[in-house]
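Novice: Okay, here's what each chain looks like letter by letter:
2 protein chains.
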Amino acid sequence: MSIFSSDFKLGLLGGGQLGRMLLQAAIDLDVHVKCLDPDPEAPCHKIASEFIQGSFQDFDTVYAFGQDCQVITIEIENVNLEALEKLQAEGKKVFPQPEVIRIIQDKRIQKQFYLDNNLPTADFVLTDSIEDIRKNIGFLPAFNKLGKGGYDGKGVQKLTTEADLSLAFTQPSLLEKAIDFEKEIAIITARNEQGEVKLFPTVEMVFNPVHNLVEYLFAPAEISEDILKQAQEIARNVTEKLGIVGLLAVEMFVTQDGKVLINEVAPRTHNSGHHTIRANHTSQFEQHLRAVLSLPLGDTTAHSKAAMVNLLGEDGYSGESKYVGMKETLAIEGVYPFLYGKKTTKPFRKMGHITLVDNNLETLKQKVSQVQHLLKVISE
Amino acid sequence: MSIFSSDFKLGLLGGGQLGRMLLQAAIDLDVHVKCLDPDPEAPCHKIASEFIQGSFQDFDTVYAFGQDCQVITIEIENVNLEALEKLQAEGKKVFPQPEVIRIIQDKRIQKQFYLDNNLPTADFVLTDSIEDIRKNIGFLPAFNKLGKGGYDGKGVQKLTTEADLSLAFTQPSLLEKAIDFEKEIAIITARNEQGEVKLFPTVEMVFNPVHNLVEYLFAPAEISEDILKQAQEIARNVTEKLGIVGLLAVEMFVTQDGKVLINEVAPRTHNSGHHTIRANHTSQFEQHLRAVLSLPLGDTTAHSKAAMVNLLGEDGYSGESKYVGMKETLAIEGVYPFLYGKKTTKPFRKMGHITLVDNNLETLKQKVSQVQHLLKVISE
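If you read the protein sequences in the order shown, they are chains A and B.
Here full-length UniProt numbering is used: the first residue of the first sequence is 1, the next is one more, and so on.
Here full-length UniProt numbering is used: the first residue of the second sequence is 1, the next is one more, and so on.
Treat the hints with caution; some may be incorrect.
Because identical chains share one entry, a pair is satisfied inside a single copy or across any pair of copies.
Computed cross-link-like contacts, DSS-like style, restricted to lysine-lysine with a CA-CA straight-line distance of at most 30 Å [claimed, not checked]:
hint, residue 1, residue 2
1, K376, K92
2, K198, K376
3, K322, K154
4, K177, K46
5, K92, K322
6, K34, K346
7, K327, K93
8, K135, K241
9, K327, K92
10, K34, K177
11, K46, K34
12, K93, K322
13, K305, K365
14, K350, K177
15, K322, K46
16, K376, K34
17, K327, K34
18, K183, K365
19, K350, K34
Source of the hints: derived by calculation from the structure; they are not laboratory data.
With the sequences and hints as input, model every part of the structure.
Specialist: So this is what it looks like as structure tokens:
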């Protein structure tokens, strides 16, 4: 069956902002995308070719949803894998593959995968109770991460001394040695069914220490040739060893002594690739589509240096969202806001992002700071 | 009222491919776009925030359509102006303004406008009958253009000798002296309500002599500094003299003796600006939105050289469209197809376009030729 302007259907589990930008890319190739999300007002609901309200975590819903799709993909990884496995067994293409999502969905299995495949990562122990953590007290300071269900800074906490033990997760978790890292970087890779692999340029992330979300990132990262080569080799290796079809976002630490370690990966489009819409010949969203639709991958070259700032709901405001400073922001050359179509804001909710394009890295960072002061999401 | 993620509505008359790409840009800023088109399967019908089936040439339909919109714009110029004038008189913002569309909609008034404003254009006479044309036989060879209703190569014909007189239009038309031109170029300008004007870089058009449609274009045009300055001055002048709010596509001839003449203008996004989606920091579609929404205009700088080829329905095929050679096309670096979402093809129907990005102009032209041979739209 032809994919373009036809009865072909790509099923998409999740209808958030990542799905929204994927839909924009799908319009170029006139690919029909059918989207599943529990929120009837999800960012995708108005622009999907078809929008089904329902849970992507429910077996029956996902299985029924996939029936008339030829290919099924995701924009979030905590989906019902049993339904995807059944659809796959019945001949549907599910990309990324359920067996790959299964490895990544549980941070404990993910870490074990790195160990089994000689992929460099921080030392860790698996823990199921506070008692387990107490036994590994020598590991502190460490990050205590929930195996499943963590997202956007949730399900991760730092344990520094024995006094923090009472905070530890009691569900299946892991304890990961805190890395004395110099930088956090990321590379988004793509792999299609034919085994073609392409890497996007490396990005460098700057975190806000308070709410532990990426505050802004810029690309390309300011790293040495040696670090770049290590990072590219790791990103390619983990992609090929997983054998993923689709996008893989590989987040890495650069240690003080010049080593690169995998932090974690996500089997989908990612916050660290939003700037590619404006700064690279092919965006991460188009690349994901090409990969899961078994099309040749696009040129990932950057034509411009770029930064990306998350636009979070202002602290202290909840309710109908209102954007303050938008005209002033748009007046700055090379500044492009993306809003996620969320009618209501709450403190630190991801409401959108701003891409900044400027080939002078210093000017770029100044504009980031300018935009952070200008543009606010409050409520009426 | 805030424009973003709110109850604000932008009304769009026309739901074709130009509207479709405008909608993609509107998603970035989460602007609600309500679209009117007579074709229930128009390219916009699935992705508009709201889609109303109806005629944009009918007074009552357009007037009713505009009632709940704060701003109304167009993607095609043969719309009902009386309804737009009434909406404007009642306080709606209509951009481009009906009075500007009125000048452009009729090629006879448009030509007179150039004359009245000292804007260089080819000599012409107005004609209402074959008799009028016979009186001006000395004008031949000339282009005979219908005052109203011409579009995409229709309503224009060349009269070379007296023997062609029987073909002449008998409706109100004009006879325009055939220009011995070296090149045809275009500049897209934008002007917002505040009077800010920005120009896109100049593009050069290459026509197919058989069906008189643009076969491909590339940007920037290969012209001298002097020609560039003349063209930019003319484009800015016609924009400011019309006082248009929105986009203006200014098509111009470069004569053999180094003069620039206006061919015609269109008060909207235009075929000659499609490549800006991939090759310029701000696309023509985003720029049109910024202009009609009274936002600051974006940076029009090109980051890459580009070409754009129209993808026309193959001669001899009518029916459900089928794309042949898509994978091979996507495998060429820097080649990006855009499909317009038309389920059926017919000979020479505009089904999409392909943007090619390559900083070497020779390679770019080779790729154009390669893609023209590879990618075909046929029917099942």
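Novice: Should K93 paired with K322 be assigned to within, between, both, or neither, using CA atoms and 30 Å as the limit?
Specialist: between (41 Å within a copy, 22 Å between copies)
Novice: Is it within, between, both or neither when you check K327 against K93 at 30 Å Cα-Cα?
Specialist: between (44 Å within a copy, 18 Å between copies)
Novice: Reference check for the pair K376 and K92, CA-CA at most 30 Å: within, between, both, or neither?
Specialist: For K376 and K92, the Cα distance is within 30 Å only across copies (29 Å; inside one copy 44 Å).
Novice: At most 30 Å between CA atoms: does that hold for K92 and K322 within a copy, between copies, both, or neither?
Specialist: between (42 Å within a copy, 23 Å between copies)
Novice: Within, between, both or neither: how does the pair K322, K46 come out at a Cα-Cα threshold of 30 Å?
Specialist: both (20 Å within a copy, 27 Å between copies)
Novice: My question is about K177 and K46: at a cut-off of 30 Å on alpha-carbon distance, are they close within one copy, between copies, both, or neither?
Specialist: neither (44 Å within a copy, 50 Å between copies)
Novice: Could you place K34 and K346 in one of the four classes (within, between, both, neither) given a Cα distance threshold of 30 Å?
Specialist: both (28 Å within a copy, 28 Å between copies)
Novice: Give the relationship of K198 and K376 under a CA distance limit of 30 Å: within one copy only, between copies only, both, or neither.
Specialist: between (36 Å within a copy, 28 Å between copies)
Novice: Using 30 Å as the alpha-carbon threshold, which applies to K350 and K177: within, between, both, or neither?
Specialist: Answer is within: at 29 Å inside a copy they meet the 30 Å cutoff, but 59 Å across does not.
Novice: Checking an output row: K322 and K154, CA cutoff 30 Å. Within, between, both or neither?
Specialist: within (26 Å within a copy, 47 Å between copies)
Novice: Could you figure out if K183 and K365 sit no more than 30 Å apart (CA to CA) within one copy, between two copies, both or neither?
Specialist: Result: close within a single copy only, 16 Å intra versus 43 Å inter.
Novice: Between the shortest in-copy and the shortest cross-copy C-alpha distance, which are at most 30 Å for K135 and K241: within, between, both, or neither?
Specialist: neither (33 Å within a copy, 80 Å between copies)
Comparing the model with each earlier hint shows violations of hints 4, 8, 10; every other hint is respected.
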